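Undergrad: Sequence:
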Amino acid sequence: MVSWDGNGGDGMDFRKSIAELLSTRTGLAADVLAASVEVPPDPALGDYAFPCFPLAKTLRKAPPAIAAELAAGFSDGAAPFLARVQAVGGYLNFFLDRAVFAGAVVRDVLAAGERLGATDEGAGRTAIVEYSSPNIAKPFHVGHAFTTILGNSLARLYAHLGHPVVRMNHLGDYGTQFGKLIVAFEKWGDEAALEKDAIRELLRIYVKFHDEAKDDPSLEDAARARFVRLEERRPEELALWQRFRDLSLAEFARVYDRMGIAFDDYSGESFYSDKIPAVVEMLQAKGLLEESEGAQIVRLDDEKLPPCIVLKSDGATIYASRDIAAVLWRKERYGFWKNIYVVGNPQSLHFQQVFAVLRKAGYACADDCVHVGFGLVKFADRKLSTRAGDVIFLDELLDESVAKTREIIDRNAELRGTDMSEAERADVAEKVGIGAVQYAFLRNGRDRDLVFSWEEMLDFDGETGPYAMYTYARARSVLRKAEAEGAAPADASDADLARLGGDEEAAVARLLYGFGDAVRRAADANEPYLLTRQVAGIARAFNKFYNNQSILSAPDPETRRARIALTGAVCVALKTGLGLLGIAAVERM
RNA sequence: GGGCUCAUAGCUCAGCGGAUAGAGCAACGGCCUUCUAAGCCGUGGGUCGGGGGUUCGAUUCCCUCUGGGCUCACCA
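Each residue of the first sequence is one higher than the one before, counting from 0 in numbering that gives the first Met the number 0.
These are calculated hints, taken from the structure and not from any lab test. Careful: at least some of the hints might be erroneous.
Computed list of lysine-lysine pairs in DSS-like fashion (alpha-carbon distance at most 27 Å, straight line) [claimed, not checked]:
1. K274 with K337
2. K303 with K337
3. K311 with K330
Computed Cβ-Cβ distance ranges for the label pairs, DEER-style [claimed, not checked]:
4. D214 with R124: 25 to 35 Å
5. A77 with P50: 14 to 24 Å
6. V38 with D273: 49 to 59 Å
7. E292 with D448: 30 to 40 Å
8. D119 with L375: 29 to 39 Å
9. G72 with P39: 19 to 29 Å
10. D263 with P39: 28 to 38 Å
11. S492 with D119: 26 to 36 Å
12. H209 with E399: 57 to 67 Å
This one's a predicted model, so the numbers in the text were calculated from it and none came from an experiment. Every residue, glycine too, gets a C-beta built ideally from N, C-alpha and C.
Full structure from sequences and hints, please.
TA: Rendered as structure tokens:
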């Protein structure tokens, strides 16, 4: 029997077992063979396949002949987990014993529970994930959704793999813009409006400032002067800055709470500001700094990158110097294994420069810094623009989605005659509506630009967040009925589980089996969509099973117990998978 | 102009060098006296941007061209 590790580790590896069987028959190294063992495009062709084409040259035989010969070497009982081995063309196809396979998968998924796919391989290796990082006093719009949702999922994935995780929100809470806000608030600020809706009020006076500054350049000077005083930590300026920051954070927190997102560290730009002089000194001491056009720069010609500006010609710091200081501080504070930046693709060059400067300065940790970029969120016909007022607040988007969900819930409740309370309807609408938005950002690879469309965002048909959540709710509904009749997933015996040999059941089992691998691949590539697809696949396979087979009215008690167990395993996988994407599961919808 | 990135069905996108290129949406046709129809089943739909090359085999790797997007010093 194949060794089996229900926690999703490397134990239950049929590919490896097959490679070992092939190794004894061909004399080739098992790990080399494992690399070429693949999964056929159609399950009817088998569960695994070994292409014999590469052997043709060394064996001086036609691939189909090699496949046929190898197949003959696999007599019945070559391995207990194999039902049969068949040569088709140049391929050697392996069929797993379905009942053994499905039964083993279901048993182990149920045993793993919410630890499905979890490992402790990351123990002692801290992963820092920097994400969201909004600017204080600016609207939190859909453009911020990508980094926030993506980063949240990555943090959860790393934690699932055993890494200590530090979730960092690198707030944009410093700079001349605060001088502007201080000037603008003293001139035109509205106390009541600030208390009521801080960001809208701050945005209003910020826009007002720019309008007025066109006719009155002295405003810009005043703003610079106030920022200098802020840097000197004068009480008056510091108090206003602190207030703007606190009020903004409180508003951000509302959105974060709704999405189940939290941070361990809110050290933003202001925090690193006093750590920059030491960095400049260090670069100077290492002879890396150079003056050019009045600015202090580090040349990166040998890295084939444009020079990195560390100090502006007026001596002020710039975001590159802040980010360099941040890496060094984080290394000292957390001793990170990986320092991950979930920041849009347009900043790719910036991070290359920052990492290159650190490398030149001799810091090995530069190689542990990773920029995880992603595409822009834009409208079909134009860019998202704060200035043009073309923003959709993330809150508004969530509200729309929740409202749409609520309509569907009410309609369905009437149709089905269910007894959902007002409180439950509200709770479910909130979770499903928000899950739909989160899912939309995790459905595809992160590199592509995401064209925002209300229509698509609020379409809950097909492969969407609500689809996966609906499937879970449906499966839970079956289990509740089973429980009411005294049956539970854990009741199934090995003999019962041997009944899971049908096409639909095997398809579900295959996808459940791939769960752990999907989690690891998603983390390795920093691509949560790899897990999203696995979750969607499990949901689709279960729906197909659900529509074609009876669970509670199965033909016999053994099959019924087995199918209840399978349904339980699907619930475990869906809830765990959605959780890793940052999406809540609901019991009814 | 340099760099990065993308180009696959009408639309949005998957596709670790391997079998007949897949999914969802949209379109069309079916399925609620039986476990939730936000579901399931079926049909149609493709010169994988163009051209070379490597390979037993290329949507996948290399080169080149075309066309988008982002970026290239004092905003982040």
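Undergrad: State for each hint whether it applies.
TA: Okay, the hints, checked on the actual structure:
1. K274 with K337: Satisfied, since the Cα-Cα distance of roughly 21 Å is no more than 27 Å.
2. K303 with K337: Holds, at about 24 Å.
3. K311 with K330: Distance ~26 Å between K311 and K330 Cα, so the pair holds.
4. D214 with R124: 25 to 35 Å: 56 Å, violated
5. A77 with P50: 14 to 24 Å: 19 Å, holds
6. V38 with D273: 49 to 59 Å: 55 Å, holds
7. E292 with D448: 30 to 40 Å: Roughly 34 Å apart at Cβ, these two residues keep to the hinted range, so it holds.
8. D119 with L375: 29 to 39 Å: Holds - the Cβ-Cβ distance for D119 and L375, about 37 Å, lies within 29 to 39 Å.
9. G72 with P39: 19 to 29 Å: Because 20 Å falls inside the window, the suggested range holds.
10. D263 with P39: 28 to 38 Å: 45 Å, violated
11. S492 with D119: 26 to 36 Å: Holds: the Cβ-Cβ distance is about 30 Å, inside 26 to 36 Å.
12. H209 with E399: 57 to 67 Å: At 30 Å between Cβs, range violated.
Of the numbered hints stated above, those contradicted by the structure are hints 4, 10 and 12, listed in ascending order.
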